[in-house]
Structure formats: C-alpha cells, structure tokens
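Participant: One-letter residues, chain by chain:
There are 2 protein chains.
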Amino acid sequence: MITKQKIHPGRREKFTKTSGRVIAPLDALEEVKKAKSVEKIMVPAGSKDAKIRVVPLGGLEEVGRNMMYLEYLDPGSKYHGDIIIIDIGLQFPEENMPGIDYIIPNIKSLLPKKNKIKAAIITHAHYDHIGAIPHVMPKLGSQIPLYGTDLTLAIIAKRQVEYQDIGGRLNLVEINNDTKLDLGVFQIEFFGVSHNIPGSVGVIVHSPIGILVHTGDFKIDTRSSIGGVTEMDKLKNLSKKNVLLLMSDSTNARETGHQFSEVDIQHEMETIIKNAKGRLIIGTFASLLGRLNEILQIAEKYDKRVVIDGRSMKANIEIASRLGYIKINPAILISASEIKRYPSNKVMILATGAQGEENAVLMRIVTKRHKYLKLESGDTVVFSSSVIPGNERSVQFLTDKLYRDGAEVINYRMLDIHAGGHAKQEDLKLMIETVKPQYFMPIEGNHSFLRIHAQVARRAGITDKNIIVADNGQVLEARENSVVLTKEYVPANYIMVDGLGVGDVQEVVLRDRQMLAEDGIFVLIATIDASTGKLRGSPDIISRGFIYLRESKELLYQTRQLIKKIVENDTKNMHPINWAWVKNNLRDEVGKFLFQKTHRRPMVLPVVIEV
Amino acid sequence: MITKQKIHPGRREKFTKTSGRVIAPLDALEEVKKAKSVEKIMVPAGSKDAKIRVVPLGGLEEVGRNMMYLEYLDPGSKYHGDIIIIDIGLQFPEENMPGIDYIIPNIKSLLPKKNKIKAAIITHAHYDHIGAIPHVMPKLGSQIPLYGTDLTLAIIAKRQVEYQDIGGRLNLVEINNDTKLDLGVFQIEFFGVSHNIPGSVGVIVHSPIGILVHTGDFKIDTRSSIGGVTEMDKLKNLSKKNVLLLMSDSTNARETGHQFSEVDIQHEMETIIKNAKGRLIIGTFASLLGRLNEILQIAEKYDKRVVIDGRSMKANIEIASRLGYIKINPAILISASEIKRYPSNKVMILATGAQGEENAVLMRIVTKRHKYLKLESGDTVVFSSSVIPGNERSVQFLTDKLYRDGAEVINYRMLDIHAGGHAKQEDLKLMIETVKPQYFMPIEGNHSFLRIHAQVARRAGITDKNIIVADNGQVLEARENSVVLTKEYVPANYIMVDGLGVGDVQEVVLRDRQMLAEDGIFVLIATIDASTGKLRGSPDIISRGFIYLRESKELLYQTRQLIKKIVENDTKNMHPINWAWVKNNLRDEVGKFLFQKTHRRPMVLPVVIEV
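Taken in order, these protein sequences are the chains called A and B. Counting from 1, position 604 in the first sequence corresponds to residue 604 in my numbering; the numbering is continuous, with no gaps. Counting from 1, position 406 in the second sequence corresponds to residue 1017 in my numbering; the numbering is continuous, with no gaps.
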C-alpha cells in the first residue's frame, strides 16, 4: 500500500539542503551487512507455560502505520522476554489534522523492554512499513539490527540520510527470500511475495509454541512473475507443520475476485505506449518501482527516449538499477533539456505528480514553472494511478489544465495503486487455504476491512472462534495450540509528527488549528492603568482569517466601544479587580457580538495589560 | 447533480430556531401563482442585426453554481436588452476554503441591467440550480418572476423560509412540462426530463434569431418512467424547426455507455429489502426524492413499517407527498419511538447521513446520540450513495463503527448519486442526434468534462467549428445561423458566502485561514515605555495551534529573551524609533527562531504598545 506523500514544503526543502546531493543515500548502502543465514531452523524448547504476546501497535484500524511486536514469555527460559518487531511504518494525516506531517506508532510499551529487542524485520520499502524508522529507532536503540532485502534497506538508508539530524545511524542487515535467521527463541524464515515494489517478503516465525506467519503486503499473480512471485510452495510445505497463526494483509479485502495479473497491466500499458502519436507523459509514483521497470522495458522495445523527472523517482530508479531490479539500457535515458533533439513520438517522460502534488513535475508543467517541459498539442498524459482521497481537487485542477493546453489525458485505472499491489478476496482465501493455520488474524486495514477479511476466512474453513479481529494495542496471547485475544491494551494512540515535534501536538492544538481555520482569530488588547483600573486609550485589535479588516471599520469601531463598556462595567465595583473574570467576560461578549454581526465564530483572545 | 450539504453548524442551528417549525415552508406554497400559458408560441420579428448574448456565470468550470443569462440585443426593437436567467445555483466549497459555507455566481454584470430581467427559469430543485436564490434575488429584484414546476418551487420556498432574514419574499410562478410562456422576445417552452428529483425540466427558448435549447440536468431512461421521462418526442419535433444552439449537461460526460435504468436500480433495491433479515437502515440524501419514492413503494409491498428520520428528509417527503410525487400509504409510516412495537424484520429506517455528516441520523446512531435508535446485531445498513470526495474519512469512520456494532453494511453502488441522475456518453450522443442543433455547447461540468462532451458531439456529427467550449463569464454571441464565442468576459469569479458575509472573504482572508490551520498563531506583545523607548517588563506571548504551551516553557523563555534583545538592539541608536521597522524585524527573527527550534511556521504577529 502506498499512501499520499504530503510533506510540508518547509520540511522538504530542508532535507534537500541537508542531504546536499540527490543520490546521497546510496553511500549509506556501504554500511549494510549481510545476514548470517543458518543451515537449518532449530527451535529451542519451551516450557508448557511458554507464550508469545502478539502486540499490534498500528495497522489494525487504518491503512498505514504498520507495526507489531512479538514477545516471548517463559520465566524459566533464557529467552524469557525476547522481542522481535515486524515493520515500523507511518500513516499520512487525515484532513482534520492540519499541519501534521504524519502519524507514527506509539512505542511506549516497548521502551521499558528495549534491551530485549532482538531485531526489527521490515517486509518491504513502502512508507507505511518503514516510515517511522527515523523517529522510532533512536529511541529503541540504533544498534538493534533491521533486517530487510537489499532494496528495502537501500530505501530505508536513503530516507535516513534525509532525516540525518534526528535519525542517526542504523544497523542494517540484508536478507533474501531464503535467509534463515537465528534470533534466539525466534527462528525466522522468509517467503518472497508479489507486490508493487520489488524485494517484498512475508515472515515465518518459528517458536517453541508454534509457527506464526505474517504476510506483509502481498498479491498473488499466477500468470506472471513480473511483479515478483508469492512463494506459495514454501507456505504449502509449512502447512504440514501446523501453522498456529496466520496474519494476513486486508488492504483489498473489500474487493471481490482475484487481483489483476501484471500480464494484463503490461498489455494495456504497451497499447498506450505503442499508440501515442506525440510525446507521452506518464505520471506515477516514485515508489511503484515494479511498474516503473515494466514501463521502461516497453519504452525500450518501442525505441522511446525516456526522461525520468522528479527527484524521488530519479533516486529510486538509480537505487533499483544498481541493485539489478531495474534493467535498463542507459542509452534510452535522456535529460529534460535534451527533449528538443528528438521527434515527439520518440519521447516519453516519467514524471511524479499524478496526485496533483503542488511541487511535483506534472503540476510544474501545467503551471508553467518547469524549466524544460511545456505542454504541446498532441501530448498524451497518462495518470497511472487513481486519485487518493483528499487529492481529488488538485487532480481535477491538473486534468482541466491539461485539457486546456491541448493534451490528451488517459486515466489508466488498471494501474490503480489500491488495485495493483494487494490480494483480493479470492487471493486471500487461497492464502488461508494454503497456509491452513489453526488461527487467523486479519491485519493491515480499517476495522471494516478486517471484518470482511474475517468473512473470507470463514469461507476458507476457519471456524469463527479461531478468527481474531483485534484493535490497535490489543494484546493476543499465543500458546501451543491456542491464541486468545485478551482484554489487555497497550498504548497505541496516534503519535503525530509535526516538524521536529513528535507527539507534542495534542488534541487541544489540533482543535485550535481547526477552529482557527474555520473563522480565524480576533485578538483584543486592553491596556489598563494599574493605579486606576481604567482603560488607557482605545483597545487594540488584531485579527486574521476572520474578515477583511480594511473593509470593516464600522465593525471594529463598534467592537472597541463594546470592549470599553465591558471593562468599565466589570471593574466599576470590583476591588480588587478579578482580571481572569473580566477576560472571560470579554471573550464571551465580544464573541457573541461578532457572531451576531457576521455569523462567524473567530477565536477571541482577550489580553489585558496592566501598566 | 447533488453536492454535499456541508453547512456550518452555527448557521444551521440558527435557521432551525428562526423557522420555528420543521414544515414551515409549506405555508409559503400558498403564495405560488400559476403561470399563464399561451396557446401558441408567437416569436416576434427581429432585425437582421438582432443577436442574443449567452452569458454563463457559472457551471462551466465546475460541477455546481449553475447560472446563465440570455440578453436580446436589437437596438430598434422594443425588446432590446431583454434578459432571462436560467438557474441560480450554488457550489459547495473546496477543501482549501476553510470556513466558507458555499460559493455563488457573480451577478455584477447583471446589476446595471436588472430592470430588463423578464424572468428566471429554474430547471429543478437541486442546490446547484437553486441554492443562490436567497442571496441573488434580493439584489436583482424580488418582483422578478421565478418559474419552476410545483416541486421545484416548493423546495425553493422552503429554503427561502430558512433564509428569511436575508432572502425576503419571492415571486414564484408555477409551470408544468407543457406550459408555454410569453416573456416578450423570449417565447419559452419546456420539456420534461428524467433526473433523480421529480419535476425536472429542460428549457426551449424561441427567439427572433432561432431556437436555443438548455437541457438542465437530465438522463435518458428508455426502459422506465419511474424517474420521470425525458420528452424526446418534443425535441424530435423541434429538430425540424432547426435548433440554433443546444446546451447540454456534461456532469457524466466522462462515463461511457448508457446510464442505468431505474428498472435495474429498483430490482436491486427490492432484492436488498426482501432479503434483509433484521432491521433495515437505508442512508440516503433528502434530495433524492425519486429514489425515496421507489424505496417507499417497495417497503409497502413487503409490508415494512418505515421510519423517516432526519429533518430535511421529513420535510422533503412531506412536500413531495402533498404534491403527489410520492404516493404513500400513511399507515406504513411510524415514528422512531414506535420501533420497539414491531418485529425487527418489519422495520425499515430511511435516514440522512450516508456521507458521514456530523449531525445526521446515521452518525448520531453510531455515536449513540440518537434518542430512539441503537444498532442491533442483525441490522443491515445500506449506503445508497457513493462517497463524495472529501467525505471519505467520515464515511470510513461510520462504516467501521457500524461493523464494530455488529451491523451488516451494504454499499449499494448502483444508487451512486453521480451515476444516478445524469446522461452518459451514449445518452448525450442521442440527445444531440435528436435535437440536431447547428451549434453545440457543453455545460455543467469541469473544463475536462466539457472537452470530453465535445468529443461526443463530434461523434454525433457536429463539426468542430460549431462546438463551443466556453469558460465561466465568457460571452457567446448568437445570431441567425451563427454562434460565436467572443473574447469578452464578464466577472464570473467565486463569490464566497461565509455566515452573513457575501463576497467579503477575499483571497487574503482564506490564505490567512490556511496558514493558521497549518501551524497556528504566535502573538507577541511588547509594552514599551514611550518616554524611554525601553521594554516594560517581559513581553507577553499568546499562541494557539502551534505548540502545547504548558510543555514549552523553555522555548517561551528563550523567545522572550530574543524579543528583548531585538527591541534593545533595534531601538538603541534610532531616534525617533521606527516601530514598523522594529515590528517587521521581530516578525522575521522570531519566525526564524521558532522554525529553527520546531520546524513549524506559525503566523507571527508582533504587537508593540507604547505607554
């Protein structure tokens, strides 16, 4: 699942400056160690009271912020208290959280136990699985190994450079689909999964109480290996060993049938590229690396010259090329400044900004802020993803501008980001039937997605009492042959990141921002003579976002008169003067007066200054 | 087209109080006059220089705010300057317009000519066609007759009562599909259209220069008359007379094929109602009167008792029943308080709030604020409309809560409000082929919708040069056998309504609101001794929406020190002191300091008080 990349312009600017070069992150790759793979999984024995607490910190009531940990409890054992983490993702903010950059999981319950954390396993490189690493790892301990495939780690490293002033160094350890890890009581295997970013894996946890399987994000594509292969054979073999618990991706659980095959998507894409009469501009996501690879292959086949435009897309493609995930003939790549040298029908532009992001390439083109690219009649613009909720307005603006400038627009709905990377109901059923777990827990999705996924599990033969729909923070206790949803909750509320602040924006700040956005602010300053208790001069008024002050002189005059009257009346017979009371009265009365005059409710802030 | 009904809670409350009774508007119906229909259309003669200016004031770059006027110019004629208006709608605000209630058309170009306005014709009762009446009509002249069908006028009247403190009385004149109006130079006929509210019409304007046709919102349903019939025969006859210009609804121009038939929708709805095992709660729009009627008919067939819940829905159903558009056996209606008397499978609830509106019935049920209705396991909740952009979050919240409380949720996508009421490409083509106009102008939609509709017109045989894609405010000049898109623009910018203010919220106020929403406000107050030019005491700081002040004592301390330093330095060698300069410096330096410390950019407002 890819979610919207809405980063505060101020912040984004900063990272560019800090990192200096666009491809800085690649240097960080040198720090990556290879994991030591063991020959054979050897599960230590546990006592009959041994249990694993499965603690989801996010991802069970939303799409995003995926993170969970497993904690082994067996008081007599040397492994007692051992913990592994799976994924450390972020969530993009909702519309009612103005100014918030993103939301990360609450790790409070982990902090007292941080010395027992053996590892964090990262299933793939999308932000909802890696995005909270710069914030979370320094607090948990940067020495903790982060396991992931080469591409996953490269993207984590790149992001860490962007956050170098807060994130610090990481202990990155590379695995592949066949790595077997000995993490004490937890013996880990992986299985490759098909998803819209290469290097995605699911996790198999062997433990004294049994096997737990975490799918990560996945889809199943039986007709093509372009998007990677979900290694169903590994899972089939596993089912013979009796899997205790399967935790599976619910992102697309509401969709019936099977997910599209990459074959069909490739075919559609090829038709578009083949038929484009003029230049072809494809707007997509920098993180959709599998798709970008396909497009580049087709471009080469049809002898197109390709401009890769957008900082993040360039960086990601460079990383993926270096690691061999994208095989590209460097000769077909040209820079934006060279476009004019080629005939229109030989030019293709891969651009960021299909969601109408303000400073991405597509928006810069249509608003004529792009240095080299101007729209020409005959251009075809392809939107390779459907609109993410919240972006409709910007995308509509973009589309209208494109039409106005004479471009042909194709909304290529099959490349829908939601549709593209995740298993649909029949795929999910197949996953459950393949793994044949004793217990099933849907993960990664809103509550309703989990409930619908639970219905799928029922159809796949799991009995109701063995299906566990949990909430964020709600603890499961897994024992040999049993998994119980407890009534214990660990803190799992939203931790909001706003600039350098993590978790310091509370409800009250957000409520204030919403209120300020609605009708603005109205500050009134009454200067009082301390000796007489009387107003000195006329009250000052400062207002923003309420009314256009220059055209509201009469209203301001009346408000000043009202303030004078209130202060006079309130202080007349009061000794000593209770200024808190006077201020409350000013707030109420001025608020009422302004509402009566305008039917708006600005935030009224009275200030009394005694001199 | 129905758009979201997001009215500021403060305002909504007020109208309830003012109008007193829920069904107050029905009284206003008594004021409606019947139109005098003429026997035969008699078009006056015009000179060979006669022309009609077609002036779209809204609806050509958006979905909403539909309004246009036709102005007859023929200097020698007694009809010279005559004007008729078609529709006076509103548009709901975008996400980047916090606090704005809605947007109305700019009528500046009409004001100097208001005495020449013969009539306003309203095609149907949806807000994007009637919503600006309370604001616009008092300015144009309330004596101007507003023509519409009985239901259209009843809903206009009801809304006018809600706005009685600004709207005043209206001159409402009732027409039906066959009324022929003599409006001087403009001779008007109507044709009934199928849409998702009854009483919808299109307009045929006979004039000395030829016939102009305005479809209003319409769809074509050849298999059913449930949703009304688009009178294609009338249009077919018209085509023999050579129609000069057809202006047609583009809302669904992006959709291929034909619109669904009400037969299919009814069938689906019947299946759901028949199969519901427990109570059935259907969330829909109060304005979808056609659909509500169908649901009520099926409910009666299956012997359900129906609760109509939601003020606007009750009022609309009462109006439509009185006028005979909804035929309902009063015996099946029960009140919410009576629900317990009936078995669950006999109870159906028609509720507002399918878009997750805060105070509508569905939200009150799931948040347990509804007096009589609590969710029970076995309840089926049907969402009868797809999610309007911007409402995803609330609808997802609602859905998750419903699942949590054990309800079954059905998203009935065929009842999609966008899909339901508007012609799709093949229907649009049929409209053009039936009317056979010389010129064609797509209306009602974003620019890209109009362009796609233009492509449809090309397929329907209209030549490129006879297809006119105009912008809001752009004037067309129609003469006998020619329509030309001029380069003349009348003002057609957004007029924003915020509380009692119409058009007073300008860009600067909106920008301030957006800025306040992002990172809040930081007011610093420096009290200066006028005699010495020195700070008196410590500067005061007031901040909202920026950080949680109680946990930021150190930052506040440092900021105060900075303010002191700046004031000291800036005033040391300056005589007289330029306070504007000092304030600017304070704004910049404190802003920089706060950004450096927090990476947030609150609005910094320095206040200097000399005492």
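A portion of the hints provided could be inaccurate.
Said to hold, decoys possible - For lysine-lysine, the following DSSO-like pairs were computed, each having C-alpha atoms within a straight-line distance of at most 27 angstroms: (1) B/K1012 with A/K374; (2) B/K1047 with A/K583; (3) B/K719 with A/K553; (4) A/K241 with A/K78; (5) A/K553 with B/K750; (6) A/K465 with A/K240; (7) A/K487 with B/K1076; (8) B/K1208 with A/K108; (9) A/K597 with B/K750; (10) A/K139 with B/K985; (11) A/K429 with B/K1208; (12) A/K274 with A/K241; (13) A/K401 with A/K34; (14) B/K647 with B/K719; (15) A/K401 with B/K1012; (16) A/K277 with B/K1076; (17) A/K487 with B/K1012; (18) B/K719 with A/K597; (19) A/K401 with B/K1164; (20) A/K465 with B/K1012.
Simulated from the structure, these hints should not be mistaken for laboratory data.
Participant: Now look at each hint and say whether the structure bears it out.
Facilitator: A quick look at each hint next to the structure:
1. For a cut-off of 27 angstroms, the pair hint linking B/K1012 to A/K374 is broken: about 48 angstroms separates their Cα positions.
2. Distance check on the hinted pair: B/K1047 and A/K583 sit about 70 angstroms apart at the alpha-carbon level, beyond 27 angstroms; violated.
3. Distance check on the hinted pair: B/K719 and A/K553 sit about 24 angstroms apart at the alpha-carbon level, within 27 angstroms; holds.
4. Of the pairs offered as hints, the one joining A/K241 and A/K78 holds, with about 25 angstroms between alpha carbons and a cut-off of 27 angstroms not exceeded.
5. Annotation: proposed proximity of A/K553 to B/K750 holds, straight-line Cα distance about 24 angstroms (limit 27 angstroms).
6. Proposed proximity of A/K465 and A/K240 is supported: the alpha carbons are some 22 angstroms apart, at most 27 angstroms.
7. Between A/K487 and B/K1076 the CA atoms are separated by roughly 71 angstroms; this puts the pair beyond 27 angstroms, and the hint is violated.
8. Pair hint B/K1208 plus A/K108 holds up; C-alpha atoms about 24 angstroms apart against a cutoff of 27 angstroms.
9. A threshold of 27 angstroms between alpha carbons decides the hint, and for A/K597 with B/K750 the separation of about 20 angstroms falls inside it, so the pair holds.
10. Between A/K139 and B/K985, the direct Cα distance comes to roughly 44 angstroms. Violation of the 27 angstroms bound is thereby established for this hinted pair.
11. In summary, the hint linking A/K429 to B/K1208 is not supported, as the alpha carbons are separated by about 51 angstroms, beyond the 27 angstroms threshold.
12. Among the hinted pairs, A/K274 with A/K241 is inconsistent with the structure: their alpha-carbon atoms are about 49 angstroms apart, more than 27 angstroms.
13. The hinted pair formed by A/K401 and A/K34 fails the criterion: a straight-line CA distance of about 49 angstroms is larger than 27 angstroms.
14. At roughly 31 angstroms between alpha-carbon atoms, B/K647 and B/K719 are farther apart than 27 angstroms, so this suggested pair is violated.
15. Straight-line distance between C-alpha atoms of A/K401 and B/K1012 comes to about 39 angstroms, which puts the hinted pair past the 27 angstroms bound.
16. Simply put, A/K277 and B/K1076 have alpha-carbon atoms about 23 angstroms apart, close enough for the 27 angstroms limit, and the pair holds.
17. Between A/K487 and B/K1012 the CA atoms are separated by roughly 19 angstroms; this keeps the pair inside 27 angstroms, and the hint holds.
18. Note on B/K719 and A/K597: the hinted pairing holds, with a Cα-Cα distance of about 24 angstroms set against a maximum of 27 angstroms.
19. This hinted pair does not check out: A/K401 and B/K1164 have alpha carbons roughly 48 angstroms apart, beyond 27 angstroms.
20. For the hint linking A/K465 to B/K1012, the alpha-carbon distance of about 21 angstroms falls within 27 angstroms, and the restraint holds.
The structure does not agree with the numbered hints 1, 2, 7, 10, 11, 12, 13, 14, 15, 19 stated previously, though it agrees with the rest.
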